[in-house]
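Chains as they are written, first to last, in numbering that gives the first Met the number 0: chain A, 0 to 232; chain B, 0 to 372.
FYI, nobody ran anything at the bench for these hints, they're computed from the structure. Mixed in with the good hints there might be a few duds.
Said to hold, decoys possible - Cβ-to-Cβ under 10 Å is the rule here; a few derived chain B residues that face chain A:
no. : residue
1   : T38
2   : G42
3   : H45
4   : K50
5   : D209
6   : V210
7   : I212
8   : V216
9   : S217
10  : D234
11  : S237
12  : R299
13  : G303
14  : F318
15  : K332
We put the beta carbon where it would ideally sit given N, CA and C, even for glycine.
If you want the building blocks of each chain, they are given just below.
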Amino acid sequence: MSADQEKLITELVEKGLAGDMDPINAIEDRVLRSKAKAALAKAKRAAKTATTAAPTEEKPATETIAETPPSDNPNKKFGKMIEDTFQGSLDAELNDTHIQLKPDNWFEIAKWLKSEPSLYFDSLQCHTGMDVGENMLEARYNLHSMTHDHKIEIRIAVSRDKANIPSIEQIWRIGDWFERETYDMFGIFFDGHRDHRRMLLPEDWEGYPLRKDYEVQETYHGIAIPKVKVGWE
Amino acid sequence: MGVIHGEEMVLNIGPQHPSTHGVLRLKVKTDGEIISEITPVIGYLHRCFEKHCENMTYDQVIPYTDRCDYLAAMANNFGYVVAVEELMELKVPEKVEYIRVIMAELQRIASHLLALGVYGLDIGAFTPFLFMLRDRERILDMFEMTCGARLLYNYMWVGGVSHDLPKGFVETAFQFLDYFEPQIEEYNNLLTYNKIFIERTADIGVLPADVAISYGVSGPNLRASGVKWDLRKNDTYSIYDKFEFDVCIGDGGQGTLGDCWDRYYVRMLEVKESVKILRQALAQMPKDGDVHQALPKKIRPPKGSIYSRTETPRGDLGFYIESDGSPIPTRVKMRSPAFTSLSVLGELAGGWMMSDVISILGSLDIVLGEIDR
Chain A
0 MSADQEKLIT ELVEKGLAGD MDPINAIEDR VLRSKAKAAL AKAKRAAKTA
50 TTAAPTEEKP ATETIAETPP SDNPNKKFGK MIEDTFQGSL DAELNDTHIQ
100 LKPDNWFEIA KWLKSEPSLY FDSLQCHTGM DVGENMLEAR YNLHSMTHDH
150 KIEIRIAVSR DKANIPSIEQ IWRIGDWFER ETYDMFGIFF DGHRDHRRML
200 LPEDWEGYPL RKDYEVQETY HGIAIPKVKV GWE
Chain B
0 MGVIHGEEMV LNIGPQHPST HGVLRLKVKT DGEIISEITP VIGYLHRCFE
50 KHCENMTYDQ VIPYTDRCDY LAAMANNFGY VVAVEELMEL KVPEKVEYIR
100 VIMAELQRIA SHLLALGVYG LDIGAFTPFL FMLRDRERIL DMFEMTCGAR
150 LLYNYMWVGG VSHDLPKGFV ETAFQFLDYF EPQIEEYNNL LTYNKIFIER
200 TADIGVLPAD VAISYGVSGP NLRASGVKWD LRKNDTYSIY DKFEFDVCIG
250 DGGQGTLGDC WDRYYVRMLE VKESVKILRQ ALAQMPKDGD VHQALPKKIR
300 PPKGSIYSRT ETPRGDLGFY IESDGSPIPT RVKMRSPAFT SLSVLGELAG
350 GWMMSDVISI LGSLDIVLGE IDR
């Protein structure tokens, strides 16, 4: 690599770090472009480790702040708050993407999440089920606070043999229809739901379609159900 | 004279009824003219969208999103591709972002025009409907000019759009906006401030803000209750932060805050804001750029899940996508705004007269394709 190219790449990397990717993308020469991108990725990684390493170094110096390790990630922050208030309710380690809870006192936790002034999750954005395999089903809740503008995702895993989760239909009213749909599609039962019926499918439909091992029934009230063709014709 | 005890009667509205905007059945318990209980029954249009998604690649899902909300197909495309791109951490060229915003806002105008027109039609005003459809037609012409389709576009792809804007599109769009803006005044004269229309909609079906939030009502229906909440501003995506526009909220102009008239009028105001965004976007759009530049060869998002929201004409459209790293999604959940809007009907319509139910239902602007999926 010539000195000119090296100089160009350092310039481009600086620009890229500032968020301006256009000059790099505008390079005609493919080899040079990929070199510049690789250099940028390297620089970014170095910057990242520098920032993550910095707080650990500072920790002993500022012990008063270190007592409560600041975590910007809402799932970690609020997961910890849940664990502090309702001990033993977490089902797995805290992580960045979601909070894994046990089903037992979900109703109380949900009530608290909505009423606690510093959280105030007033809106249940999305609720769905998931077939996670190994005989387990999962209910997922995406909560959002319009007042504080923060959001978390809560997951509750139950086994297929005993797929019961407390209903939160009376806390967030949209839970009524959301839970009916999840029951309809996954066969998760919501204890305490006041109108526990199927949502989209007829009442006498067999099976829960969104489970991965679902097989469609052959006839419905004497009407043959066409088989889904596998592959292209 | 003593109290007359009438017998309660259960009445079915739908599933085949023009004012239900699709195949929706309402089980209505009436006491004379008064509604005591109303239960929506849905699922007549269920096409297993989410199950289908688990059997096809990410890009094959896009045409199906068209068919969910067939009155705002562009907005649905947009919501889905934004979610997949967020999952893949894919950045799309600036020109593509502009084209997408232009399409989404044109679609918002088209969808609102239909919603407003049909609402008038529900209540008995036939003429405004024809005026609005006439103007909506011009938007559909522009879509046809761009991608060949008038209703179901499959226009936005992961990483780009299917076609670049054709020659003369920008001029046509500006011509349309110049023509269209004065028309809004005409709609207002024809319908908005029509005495009969106001009588039928003002003070009817009042939706308080806290009930709306609890039921997950979003979009214009929520804003009509006085909540200043718009994802384009509050949780901005694409390049909406580059444009100046207002978030319109209801103010109880003809009656109470959050009544049917407010829900109608917020849509009318939003059309004006969309025009504002369109003017800015059309003027600022970069002239050159390849709309296929960032199209990935194979769409394989990394393992993980995402919940991403966008603002469609009907409200917050959310896509929950779970990926296992393969080219086929493990799960796609569509959180449709019309679904949550319809869920509030039971709460909203109780205690009103039979004829008001049609007013209230129409003001929620539901699309059954999206509710049943």
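Okay, the hints, checked on the actual structure:
Satisfaction of the interface hint for B:T38 is found here, the shortest Cβ-Cβ separation to chain A being roughly 9 Å, below the 10 Å cut-off. A least Cβ separation of about 4 Å between B:G42 and chain A falls short of the 10 Å threshold, and the interface hint therefore holds. This hint holds: B:H45 has a C-beta 5 Å from the nearest C-beta of chain A, less than the 10 Å allowed. Because the beta carbon of B:K50 sits about 6 Å from the nearest beta carbon in chain A, less than 10 Å, this interface hint is met.
For B:D209, the suggested interface contact is upheld, since its CB lies about 8 Å from the closest CB of chain A, less than 10 Å. This hint holds: B:V210 has a C-beta 8 Å from the nearest C-beta of chain A, less than the 10 Å allowed. Because the closest C-beta pair between B:I212 and chain A is about 5 Å apart, less than 10 Å, the hint holds. Using the Cβ-Cβ criterion of 10 Å, the hint placing B:V216 at the interface with chain A is satisfied: the shortest such distance is roughly 8 Å.
Hint on B:S217 holds. Least Cβ distance to chain A is approximately 9 Å, under the 10 Å limit. About 8 Å separates the beta-carbon of B:D234 from the nearest beta-carbon of chain A, less than 10 Å, and the hint is met. Here the hint on B:S237 is broken, as its CB sits about 17 Å from the closest CB of chain A, past 10 Å. Proximity of B:R299 to chain A is violated relative to the hint, the smallest CB-CB distance being about 19 Å (cut-off 10 Å).
Because the beta carbon of B:G303 sits about 7 Å from the nearest beta carbon in chain A, less than 10 Å, this interface hint is met. Contact between B:F318 and chain A, as hinted, is supported at the beta carbon level, the nearest pair being about 9 Å apart and thus within 10 Å. With its C-beta approaching chain A no nearer than about 4 Å, B:K332 sits inside the 10 Å limit, and its interface hint holds.
Violated hints, listed in ascending order, are 11, 12; each of the other numbered hints is respected by the structure.
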